[in-house]
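Those letters in the sequence shown? Residues 0 to 274, per numbering that gives the first Met the number 0, in order.
Do not take every clue at face value.
Said to hold, decoys possible - For lysine-lysine, the following DSSO-like pairs were computed, each having C-alpha atoms within a straight-line distance of at most 27 Å:
#, residue 1, residue 2
1, K125, K97
2, K116, K93
3, K136, K116
4, K271, K236
5, K96, K125
6, K256, K155
7, K90, K238
8, K238, K221
9, K116, K256
10, K90, K125
11, K90, K133
12, K271, K125
13, K256, K93
14, K90, K104
15, K116, K133
16, K221, K90
17, K238, K96
18, K93, K155
19, K262, K96
20, K236, K93
21, K104, K116
22, K238, K256
23, K96, K136
24, K256, K97
25, K133, K155
To be verified - Just the calculated beta-carbon pair ranges, DEER-fashion:
#, residue 1, residue 2, range
26, R89, T134, 19 to 25 Å
27, D63, Q177, 34 to 40 Å
28, K136, P240, 38 to 44 Å
29, S230, N35, 24 to 30 Å
30, L39, A253, 25 to 31 Å
31, G139, N185, 41 to 47 Å
32, D115, D227, 35 to 41 Å
33, F174, T217, 16 to 22 Å
34, D227, T134, 37 to 43 Å
35, A253, Q177, 24 to 30 Å
36, S230, Y201, 35 to 41 Å
37, Q208, N185, 17 to 23 Å
Source of the hints: derived by calculation from the structure; they are not laboratory data. From the three backbone atoms N, C-alpha and C, an ideal C-beta is built for every residue, glycine too.
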Amino acid sequence: MNRKHIAGLLTLFLLAACTNTPQQDTTTSDKTQENNTPPLINYTVVGSLPHDTSSFTEGLLVHDGQLFESTGTEPDMPESRRSLFGIVDRKTGKIDKKAELDRNKYFGEGIVFVNDKIYQLTWQTKIGFIYDAKTYKQMGTFNYNTEGWGMTTDGKSLIMSDGSSNINFLDPVTFRLQRILGVSDNNGPVGNINELELINGYLYANQWQTSYILKIDTATGKVVGRLDLGSLVAEAKNKYPDSDSLNGIAYDSATGKIYVTGKLWPNIYEIKFPL
0 MNRKHIAGLL
10 TLFLLAACTN
20 TPQQDTTTSD
30 KTQENNTPPL
40 INYTVVGSLP
50 HDTSSFTEGL
60 LVHDGQLFES
70 TGTEPDMPES
80 RRSLFGIVDR
90 KTGKIDKKAE
100 LDRNKYFGEG
110 IVFVNDKIYQ
120 LTWQTKIGFI
130 YDAKTYKQMG
140 TFNYNTEGWG
150 MTTDGKSLIM
160 SDGSSNINFL
170 DPVTFRLQRI
180 LGVSDNNGPV
190 GNINELELIN
200 GYLYANQWQT
210 SYILKIDTAT
220 GKVVGRLDLG
230 SLVAEAKNKY
240 PDSDSLNGIA
250 YDSATGKIYV
260 TGKLWPNIYE
270 IKFPL
């Protein structure tokens, strides 16, 4: 074989190699560009209730047909804001107070009912409060190692968020950490997980400082869907310019109704979406 033949074969080899390279890159690029973003969940607004615009909402839930709300405040916030929880009057939006914390010591956060008790988180003091679910008298306190944000339950655990991408499951008797559920989507960990509600086996979570409610698989932590409530955020701002972040999800398992609101919003909205 002479040098010309060798050169020709080398040329053909190089051409083949160059031809194959773009095909491999295209395949890789196609895989990279696959849209794995959690799908948007369509919803409709069924109706609305009034909401107290002094209520800095930290928790919202339905218990025995009553709509409960918990709120938080700091000493430098207006005096009209308080750290309390109670039953929302559906005609006025005002909260019928059942328990209140010292605003100079505690910033009230999420609440939940478990086994005839009410558990209430506080933001940065790492102290929770326990109340009798019938009398609302304080029964004790408990401690945790993170900040306290939102809370819900599966009947066996206190399921709480701390503002990170982690959701912590605590034993409601010993308060020992049972497990940590890391929340993630196609881009990796999803932070700012706030108010929580468990609906039909999935966790729904407000993502703080966004208009999203995330649907989270409780087994994997994967975000499997999102509700974009941007139109309700805009409506709240239009009605009351001081309206703050979307926060608050409540599910009435007896009626199937779902309620959402936000900090200082003028309304609580009843929405409907596929579960």
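How the hints compare with the structure:
{"no.": "1", "hint": "K125 to K97", "in the structure": "holds (22 Å)"}
{"no.": "2", "hint": "K116 to K93", "in the structure": "holds (23 Å)"}
{"no.": "3", "hint": "K136 to K116", "in the structure": "holds (10 Å)"}
{"no.": "4", "hint": "K271 to K236", "in the structure": "holds (22 Å)"}
{"no.": "5", "hint": "K96 to K125", "in the structure": "holds (23 Å)"}
{"no.": "6", "hint": "K256 to K155", "in the structure": "holds (23 Å)"}
{"no.": "7", "hint": "K90 to K238", "in the structure": "holds (18 Å)"}
{"no.": "8", "hint": "K238 to K221", "in the structure": "violated (35 Å)"}
{"no.": "9", "hint": "K116 to K256", "in the structure": "holds (24 Å)"}
{"no.": "10", "hint": "K90 to K125", "in the structure": "violated (35 Å)"}
{"no.": "11", "hint": "K90 to K133", "in the structure": "holds (23 Å)"}
{"no.": "12", "hint": "K271 to K125", "in the structure": "violated (35 Å)"}
{"no.": "13", "hint": "K256 to K93", "in the structure": "holds (20 Å)"}
{"no.": "14", "hint": "K90 to K104", "in the structure": "violated (32 Å)"}
{"no.": "15", "hint": "K116 to K133", "in the structure": "holds (8 Å)"}
{"no.": "16", "hint": "K221 to K90", "in the structure": "violated (38 Å)"}
{"no.": "17", "hint": "K238 to K96", "in the structure": "holds (25 Å)"}
{"no.": "18", "hint": "K93 to K155", "in the structure": "violated (31 Å)"}
{"no.": "19", "hint": "K262 to K96", "in the structure": "holds (17 Å)"}
{"no.": "20", "hint": "K236 to K93", "in the structure": "holds (19 Å)"}
{"no.": "21", "hint": "K104 to K116", "in the structure": "holds (23 Å)"}
{"no.": "22", "hint": "K238 to K256", "in the structure": "holds (24 Å)"}
{"no.": "23", "hint": "K96 to K136", "in the structure": "holds (12 Å)"}
{"no.": "24", "hint": "K256 to K97", "in the structure": "holds (24 Å)"}
{"no.": "25", "hint": "K133 to K155", "in the structure": "holds (20 Å)"}
{"no.": "26", "hint": "R89 to T134: 19 to 25 Å", "in the structure": "holds (23 Å)"}
{"no.": "27", "hint": "D63 to Q177: 34 to 40 Å", "in the structure": "violated (26 Å)"}
{"no.": "28", "hint": "K136 to P240: 38 to 44 Å", "in the structure": "holds (39 Å)"}
{"no.": "29", "hint": "S230 to N35: 24 to 30 Å", "in the structure": "holds (25 Å)"}
{"no.": "30", "hint": "L39 to A253: 25 to 31 Å", "in the structure": "holds (28 Å)"}
{"no.": "31", "hint": "G139 to N185: 41 to 47 Å", "in the structure": "holds (42 Å)"}
{"no.": "32", "hint": "D115 to D227: 35 to 41 Å", "in the structure": "holds (37 Å)"}
{"no.": "33", "hint": "F174 to T217: 16 to 22 Å", "in the structure": "holds (20 Å)"}
{"no.": "34", "hint": "D227 to T134: 37 to 43 Å", "in the structure": "holds (41 Å)"}
{"no.": "35", "hint": "A253 to Q177: 24 to 30 Å", "in the structure": "holds (28 Å)"}
{"no.": "36", "hint": "S230 to Y201: 35 to 41 Å", "in the structure": "violated (23 Å)"}
{"no.": "37", "hint": "Q208 to N185: 17 to 23 Å", "in the structure": "holds (20 Å)"}
Of the numbered hints given earlier, the model fails hints 8, 10, 12, 14, 16, 18, 27, 36; all others are met.
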